[in-house]
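With these hints in hand, go ahead and build the complete structure from the sequences.
Residue numbering for the sequence shown follows our numbering, beginning at 1 and increasing consecutively.
These are computed hints drawn from the structure, not numbers from a lab.
Please note that the accuracy of each hint is not assured.
Claimed, not checked - Just the calculated beta-carbon pair ranges, DEER-fashion:
{"id": "1", "residue 1": "78", "residue 2": "31", "range": "43 to 51 Å"}
{"id": "2", "residue 1": "36", "residue 2": "137", "range": "32 to 40 Å"}
{"id": "3", "residue 1": "37", "residue 2": "140", "range": "21 to 29 Å"}
{"id": "4", "residue 1": "54", "residue 2": "13", "range": "27 to 35 Å"}
{"id": "5", "residue 1": "148", "residue 2": "24", "range": "30 to 38 Å"}
{"id": "6", "residue 1": "90", "residue 2": "40", "range": "24 to 32 Å"}
Unchecked claim - Each computed BS3-like pair below joins lysine-lysine, with the alpha-carbon atoms no more than 30 Å apart:
{"id": "7", "residue 1": "35", "residue 2": "98"}
{"id": "8", "residue 1": "76", "residue 2": "49"}
{"id": "9", "residue 1": "147", "residue 2": "35"}
{"id": "10", "residue 1": "35", "residue 2": "14"}
The model shown is predicted, which means the values in this text are computed figures rather than measured ones.
Beta carbons: idealized from backbone N, C-alpha and C, even for Gly.
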Amino acid sequence: MQKTIKNIGLDVHKNSISIGIADEGRDGEVRYYGKIDNDMNQLDNVIRKLISNGAVLRFVYEAGPCGYAIYRYLTKNAMDCVVIAPSKIPQQSGNRIKNDRRDCLSLARLHRAGELTPVYVPTEEDEALRDLVRAREDATRAVRAAKQQLGAFLLR
1 MQKTIKNIGL DVHKNSISIG IADEGRDGEV RYYGKIDNDM NQLDNVIRKL
51 ISNGAVLRFV YEAGPCGYAI YRYLTKNAMD CVVIAPSKIP QQSGNRIKND
101 RRDCLSLARL HRAGELTPVY VPTEEDEALR DLVRAREDAT RAVRAAKQQL
151 GAFLLR
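Written out as structure tokens, the structure reads:
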């Protein structure tokens, strides 16, 4: 029995994840699965339902403020997942309406077609180092601003 490939597009937000599925093949169905809470247990339930049909799952979602927790969770559980930059998503001219449903379906469809370019996902250590550097830069800016304010106050 040959396993089918399902391309899963995730539109991830702080509180929710919208899920779109594109079945393999050029004429494969592209359908909206639904919206779930941004919770790994609920995502796991969706994965179990889709795998129970004997499918191989390939996930894709946009890089954003929610970080790479979903990517790490999926890859840790031996799932194929890629993260793509929102600026690298091909856009159709005239398609200006954006909503969660359209975004996840578009991601699934484009992933199936192989038109998405993945981005580098930093390791947890790299992210921790980035956070440290950003915190230092913020502190340096705050000290500089305080010195300038104090100097301006003393000139009065």
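Structure-based check of each hint:
1. 78 <-> 31: 43 to 51 Å: violated (25 Å)
2. 36 <-> 137: 32 to 40 Å: The hinted range 32 to 40 Å holds for residue 36 and residue 137, with Cβ atoms some 36 Å apart.
3. 37 <-> 140: 21 to 29 Å: Since the Cβ atoms of residue 37 and residue 140 sit about 38 Å apart, the hinted range of 21 to 29 Å is violated.
4. 54 <-> 13: 27 to 35 Å: holds (30 Å)
5. 148 <-> 24: 30 to 38 Å: violated (60 Å)
6. 90 <-> 40: 24 to 32 Å: holds (30 Å)
7. 35 <-> 98: holds (16 Å)
8. 76 <-> 49: Status holds; Cα separation ~19 Å.
9. 147 <-> 35: violated (49 Å)
10. 35 <-> 14: holds (13 Å)
The structure fails hints 1, 3, 5, 9 (numbered hints given earlier, in ascending order).
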